[in-house]
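Sequence lines, in order, name chains W and R. The working numbering runs 14 ahead of the 1-based position in the first sequence. The working numbering runs 15 ahead of the 1-based position in the second sequence.
No lab work stands behind these hints: they were computed from the structure. Please read these numbers as outputs of a predicted model, since none were measured by experiment. There could be a bad hint or two in this list.
Partial list, derived from the structure: chain W residues whose beta carbon lies under 7 Å from chain R [said to hold, decoys possible]: (1) Glu88; (2) Glu202; (3) Val231; (4) Arg292; (5) Ile368.
Heads up, simulated DSSO-like pairs for lysine-lysine below, C-alpha to C-alpha not over 30 Å straight-line [as the list claims (entries may be wrong)]: (6) R:Lys367 x R:Lys458; (7) R:Lys226 x R:Lys369; (8) W:Lys149 x R:Lys444; (9) R:Lys432 x R:Lys444; (10) R:Lys226 x W:Lys224; (11) R:Lys432 x R:Lys226; (12) R:Lys444 x W:Lys249; (13) W:Lys224 x W:Lys249; (14) R:Lys444 x R:Lys367; (15) R:Lys226 x R:Lys123; (16) R:Lys352 x W:Lys249; (17) W:Lys407 x W:Lys330.
Only some residues are given here: those of chain R computed to face chain W with a beta carbon under 8 Å [as the list claims (entries may be wrong)]: (18) Gly313; (19) Tyr325; (20) Pro327; (21) Val341; (22) Leu398; (23) Gln475.
Ideal Cβ positions, reconstructed from N, Cα and C, are used throughout, including at glycine.
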Amino acid sequence: MNAPIVSLAAAGAAKPRSTETIVFDSRSQESPALSVIIPVYNAERHIRATLHSIVAAGTGQIEIIAVNDGSSDESESLIHSWATTNSAQVLLLRQSNSGAASARNTGIRHIRGTYVAFLDSDDMFDGAVYRQMIKVGETYGCDLIAARAVCFGAKQSNLLTAFPFFDDDHWQRITRGRQVTITTLVREPHLLRLEPNMNRRMMRREFLDKVGLQFPVGLLFEDVPPHVRLFGRAKSIALVSETGFYYRFGGPSQLTSTKGVRRFDMIKVAELALEEARDCDLSTLAGAALVGQIGRMLYWCGQNIPAGESARYFSKAATVMRDYPAAWRHAFLDSIPNDLRERIIVSAFNADAIGVLTMMAHKRPRIPSLLRFALAREGWVLRPLIRARVEEKIRGLYSRMRGA
Amino acid sequence: MIVAPHLDRAIRQAAAVADDRLLREDIRRVKSAWFGPWYRPLCNDGTMLLLGARSGFEALLARLANQTIRIVIMERSEALRSRVAGLLGDGAEIYPDPIQALQTGLPKEVAFARIDVGSLDAEALYALFRDHRVGHICGEATAALVDPLALYRLCRSHADSFFFQFRDLGHSITCNVPAAPIEVSVVVPAYGVAAVLPQCLESLVRQTMRKLEVIVVDDGSPDASGQIADEYAERYPDRFRVIHKANGGCASARMAGLESARGEFVGFVDGDDWVEAEMYEELYRVGVLRGCDLAQCGFYECFEDGSRIYHPVTVGGDGPHGISGVVEDARRLPLMKPAIWRRIYRREFLEKEKIEFPTHIQRFDDLPFEFNVMERATRIGLLPDCYYAYRQGRAGQDMEARDERLFVHFDIFEYLKDELRGDLLSERKFREVQHHTHRWALKRIRPELRVAYFSRMARQAGFSRAIRTVLF
């Protein structure tokens, strides 16, 4: 690696500590069950809802560590006033602006809980589910516990518009309707198809100390390499099928939805993820799942890159993809049931078919094929529209007949 | 379907009073023996405890079958309590609180207890087992509420028999024999491994399983292996035992360990290998919860330079992707190199099938053992996780032999032929093993011995004199 990326393992020791100051500390419990770390940057709109979601079901057992990453708005005073009027256990830190990854790393240094969780400042997590996860973790001695997630639209203030998280089909395939699933990555390689979102899960602190969790600073998609590391190293993983994580979808603060050359970060992230995967000695099936996930993410980023940069992006991405062991790539194409598009993407990466990828990502599909696709997939959405249009036509004809 | 005595009468009586949804479910459960084979007669004598009244149908059925039994019911819900009281009159003692029910209403002996999933809590269960003798206990639990293995261990050590439905595991857990004092015995044959034995024994000290015993068999080792084992036995007297014997080969050492093993399951670790801390706990979990004859995990090969090759290879299980779960017939598993150390074996199974290490065979005694085990086992638990570290490239390993020592295979197959069960599937498996072993040996053996090996192979396989003449 020649990039200025802090290596995951060595980061904490090598990097000089950033200067954070303690703004407010209302923590009374010496060893709570869970520390929730919230990096905050200009989040005044949603931060109260976020904080409240954690303690809505009670304040015991959970401490909140909010790290103000040099916000220029009222976030800090909002948190401060919320914490003083609430019995929740809150530690509020301030540091000069240096990115979400750095803020998380800062938060990690202050944790006291047996378990650690992260939460973004515009998302929500049901505190009752946190408690259920703690209980499951204690019962089975799990290193990593994940909960079910749901997306909801940023513009709506209620949850009526909630829809399943992007990986919910994979989640269902793994849990098969069970309330709790205890497994390992070797037993259930499909775990690596879950979205690499750090917010929906909690980790045992000793486990984090052992694997040395640090987020690569200054990259988009910084969740991916630690995701691979955590799942690869965990001795026991629990999935709790209760909806805990509420993901705010499509808000203005969503960094990863922006278009532009920052998407090139994904290539670096794919390299880092591979490094982690090699380090964990992933099984072939788990490697296959990783290939699918990374391939999909690389392609998705390629779609959002300026058209002029596209060829350069995909040729770089294909080079990285082909660094992944051939056994994993072939195992993905052979054995794991997946959708056609993913198979095409991975095959294209395998064959270094940059032209195909660029075309797929950027050429607008022709309208008839789009319509056919929409009717086949989303027919139920279009049917009322079509019916309304037909009814309008008939009404028009009828009135013309009467007029005639 | 099971038709209990007075079934129709009980259904008619209950229909007017009981909660409809619960009643339907209870009728279905009684008819299908949902709580196991002991559930149908419910309770013939003594005291019956129901934690969670449900519809009251079970209590009514027991009351109709037997007028003399005591029925104690705990139910938190006021509405259900009054319904059950209406159904049974003063035929049952009904309490609103589990602890109160246990302390005031219950005699020391409880013949039958049934726990509903809504009433399952650890405190009540501990209180029940602390103060009472329980005959049979059954009920429904979920993996979210309780670790199935913890429940298994608790019930097995405190009740004569038990049966719990775990809807989210997709199977039930049950047992009707008393708890074994030792859950797994690990036999470690040690000969000339003094340099690496501490690593092996240290990994066995660190096992997360508590009721584990380690039997180190010092097979007349010329080096300090015996002393090292003795030191461990002194330091951890509860866990380690040492058998010193005159040198008699690996098979005799393993047999000596196997004969003195007290565990419910037996495992083997070679003196130069080591295991991960959770290996035996996880194997026991699968073996015991799913009632397996043996359970196996993956392994990794460890080379001198520290590199590792992982073998999480398992197929045919009923779990996701077929890589975990249970295999019903081991003969359908694909052939692999013998790896007896990656498993635990139910001792009862080995004894019943009289599977032993043939001491008259000088080396590769694991090949016949593996074949016999895999030919006879009916339920095998699979774990793909690699818990066993298989050291590679140590001088003096049998696997490194390239000379006449490989001729031992003919003795092995001669011996195995007599042991065969005699159906076609076993026959085929036997041919496969023979074929693979000979192919491996022919690849390894020194060139000048190859012809001799081949001709013996042909003779054993029953090639005619004419073909042999043509070949050589």
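Quiz item: Among the hints numbered above, which are violated by the structure, and what are their numbers in rising order?
Solution: 1, 3, 4, 5, 6, 8, 11, 12, 17, 21 and 23
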